[in-house]
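My request is simple: use the sequences and hints to build the entire structure.
The listed protein sequences derive, respectively, from chains C and R.
Going by our numbering, the first sequence opens with residue 14, and the numbers climb by one from there.
Going by our numbering, the second sequence opens with residue 15, and the numbers climb by one from there.
A couple of the hints might just be wrong.
Listed next, the in silico DSSO-like pairs over lysine-lysine satisfying Cα-Cα at most 30 angstroms (straight line) [stated by the list, open to error]: (1) C:LYS161 to C:LYS84; (2) C:LYS108 to C:LYS150; (3) R:LYS146 to C:LYS267; (4) C:LYS122 to R:LYS160; (5) R:LYS153 to C:LYS154; (6) C:LYS229 to C:LYS84; (7) C:LYS126 to R:LYS160; (8) C:LYS108 to C:LYS122; (9) C:LYS15 to C:LYS152; (10) C:LYS154 to C:LYS115; (11) R:LYS160 to C:LYS108; (12) C:LYS188 to R:LYS52; (13) C:LYS150 to C:LYS115; (14) C:LYS108 to R:LYS173; (15) C:LYS306 to C:LYS154; (16) C:LYS150 to R:LYS154; (17) R:LYS173 to C:LYS115; (18) R:LYS153 to C:LYS122; (19) C:LYS188 to C:LYS126; (20) R:LYS153 to C:LYS306; (21) C:LYS107 to R:LYS173; (22) R:LYS153 to C:LYS108; (23) C:LYS229 to C:LYS150; (24) C:LYS114 to R:LYS154.
Hints were generated in silico from the structure; no laboratory data involved.
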Amino acid sequence: MKRIGLFLGCNIPFNRPDVEYSLRFLLNALDVEIVEMEGAACCPAYGTMPSLGIFEWAVASAWNLSIAEEKGVDMITGCGSCYGVQNEANYYMKKHPDIKKKVDEVLAKVGRKYNGNVKVWNVTNFLYEQIGLDTLKQKAKYSLNGLKCGIQTGCHNLWPSRAFPANEDNVFAPKRMREICEALGGVAPHYSTITDCCGMGALRSNAPEKSLALFKKKLDTIKAELDPDVNVIGCSSCLMQFDAGQSLLIEQKKINYKIPALHIAQLVAIALGAEVEKATALATIPLNGVITKIKGGN
Amino acid sequence: MEEGGVNVIDLTQSDENFIKELMELGADELKECIQCGKCGATCPMALAGLEFFIKRIVHAATLGLRDILLEDSSVWGCQSCNRCVEVCPMDIKPYEVIQAVRRAAVRVESCPANTYEGLRNLYRFGHAVFPKGFEERRKKAGLPEKPPTALSFEEMRKKYQEILRNTILEEIAPFPLT
Numbered sequence: 014m015k016r017i018g019l020f021l022g023c024n025i026p027f028n029r030p031d032v033e034y035s036l037r038f039l040l041n042a043l044d045v046e047i048v049e050m051e052g053a054a055c056c057p058a059y060g061t062m063p064s065l066g067i068f069e070w071a072v073a074s075a076w077n078l079s080i081a082e083e084k085g086v087d088m089i090t091g092c093g094s095c096y097g098v099q100n101e102a103n104y105y106m107k108k109h110p111d112i113k114k115k116v117d118e119v120l121a122k123v124g125r126k127y128n129g130n131v132k133v134w135n136v137t138n139f140l141y142e143q144i145g146l147d148t149l150k151q152k153a154k155y156s157l158n159g160l161k162c163g164i165q166t167g168c169h170n171l172w173p174s175r176a177f178p179a180n181e182d183n184v185f186a187p188k189r190m191r192e193i194c195e196a197l198g199g200v201a202p203h204y205s206t207i208t209d210c211c212g213m214g215a216l217r218s219n220a221p222e223k224s225l226a227l228f229k230k231k232l233d234t235i236k237a238e239l240d241p242d243v244n245v246i247g248c249s250s251c252l253m254q255f256d257a258g259q260s261l262l263i264e265q266k267k268i269n270y271k272i273p274a275l276h277i278a279q280l281v282a283i284a285l286g287a288e289v290e291k292a293t294a295l296a297t298i299p300l301n302g303v304i305t306k307i308k309g310g311n
Numbered sequence: 015m016e017e018g019g020v021n022v023i024d025l026t027q028s029d030e031n032f033i034k035e036l037m038e039l040g041a042d043e044l045k046e047c048i049q050c051g052k053c054g055a056t057c058p059m060a061l062a063g064l065e066f067f068i069k070r071i072v073h074a075a076t077l078g079l080r081d082i083l084l085e086d087s088s089v090w091g092c093q094s095c096n097r098c099v100e101v102c103p104m105d106i107k108p109y110e111v112i113q114a115v116r117r118a119a120v121r122v123e124s125c126p127a128n129t130y131e132g133l134r135n136l137y138r139f140g141h142a143v144f145p146k147g148f149e150e151r152r153k154k155a156g157l158p159e160k161p162p163t164a165l166s167f168e169e170m171r172k173k174y175q176e177i178l179r180n181t182i183l184e185e186i187a188p189f190p191l192t
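Shown next, in the form of structure tokens:
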């Protein structure tokens, strides 16, 4: 049986725990043993320790990585930042032995060590490489019944590609999430701004109006080119922008349409038979039409 | 466009020591920049309309324009998306220039207040993002009130805090590390 450390981060357990429920459900349904990352902390977010120094970044990530290594597992995360930050920390520690040495010394002070053997997976790459589309298809209880999906991979899931253990063939034309949706019976066309940033993150914290205007540009393009039933999102921060951020745009009367949003973990969990109320508990844009389409056809 | 600020480059303000400081703080390939502008062409900050986006920040950094870089808060709006790192033909890792400017800024307390909020939450709870009301949200998703992270394991959290005290946070934090 496969085992994996479930790295939760911050936004998933505190803002969108319905994604945590979905991650837990889908790993169980796919016969992957969940190993709890007891005592794990923030990845740490780009605006915190990484903004203080490379050593500061590396040692804070090494804390989390050392917990997974002690338990003998790799980690999976549904958050783009957690994926990017920790993979980059791994990359820096391999590239800079002097920083790794300092990390080792500080970890030793609290009785921990990290040998550099942990890979950090995102949901898409884990499903694609570790489970496989055929298995996913076989285990699905519901077909997506032609559900039209607008794909948002998320910046941190793509770049910097040199730091990532797994990736798309072309990081500027991502296909893996599209293939997952299609394997489950949906359609997920390419669109012209598929790799554009959603504006969540530091931009949203420091220049909220510009962030939402950037997001609106992307959303308008998705609406005009695809008019999807749902946007399917690879990163929990993007999910918050596509769901709660979109609700803000509606409230401010800046858009006159609504496109529901699901994290890829939520969509897959629902297809595998998860309880919809729990899997979508925190969504602000109603998902009734999406669920009816998925469940109505079986 | 406003006069002055980031829109006027005064070469008499160039500070060679600041260039060295940035290089030591992670922008180690800064001097290899050829000002091609590819980073700016992919930058969400530029697309969002921030005037001082990656290409201009790297330019100012190569000139050692300390005051402009530390006084303007644009570096804190960077999404850390790393498109610039992916496309840079000279491999100067432009995002690392942003991070080096941030690192220089926190050493002279020149960063937005929300930077400290994230660091304080990280130190106290083990989570930089720690929004109120999470217990109720977790209940709705059928999960226990607290996740099995540093938040639930006090001994582990104390060890994590000890690690953080062994970094520069100990020197720059404007809040008690106890």
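Structure-based check of all given hints:
no.	hint	in the structure
1	C:LYS161 to C:LYS84	violated (40 angstroms)
2	C:LYS108 to C:LYS150	violated (39 angstroms)
3	R:LYS146 to C:LYS267	holds (28 angstroms)
4	C:LYS122 to R:LYS160	holds (28 angstroms)
5	R:LYS153 to C:LYS154	holds (26 angstroms)
6	C:LYS229 to C:LYS84	violated (43 angstroms)
7	C:LYS126 to R:LYS160	holds (27 angstroms)
8	C:LYS108 to C:LYS122	holds (23 angstroms)
9	C:LYS15 to C:LYS152	holds (16 angstroms)
10	C:LYS154 to C:LYS115	violated (50 angstroms)
11	R:LYS160 to C:LYS108	violated (36 angstroms)
12	C:LYS188 to R:LYS52	holds (24 angstroms)
13	C:LYS150 to C:LYS115	violated (46 angstroms)
14	C:LYS108 to R:LYS173	holds (26 angstroms)
15	C:LYS306 to C:LYS154	holds (14 angstroms)
16	C:LYS150 to R:LYS154	holds (29 angstroms)
17	R:LYS173 to C:LYS115	holds (17 angstroms)
18	R:LYS153 to C:LYS122	violated (37 angstroms)
19	C:LYS188 to C:LYS126	violated (37 angstroms)
20	R:LYS153 to C:LYS306	holds (27 angstroms)
21	C:LYS107 to R:LYS173	holds (24 angstroms)
22	R:LYS153 to C:LYS108	violated (43 angstroms)
23	C:LYS229 to C:LYS150	violated (34 angstroms)
24	C:LYS114 to R:LYS154	violated (44 angstroms)
In summary, the numbered hints that this structure violates are 1, 2, 6, 10, 11, 13, 18, 19, 22, 23 and 24.
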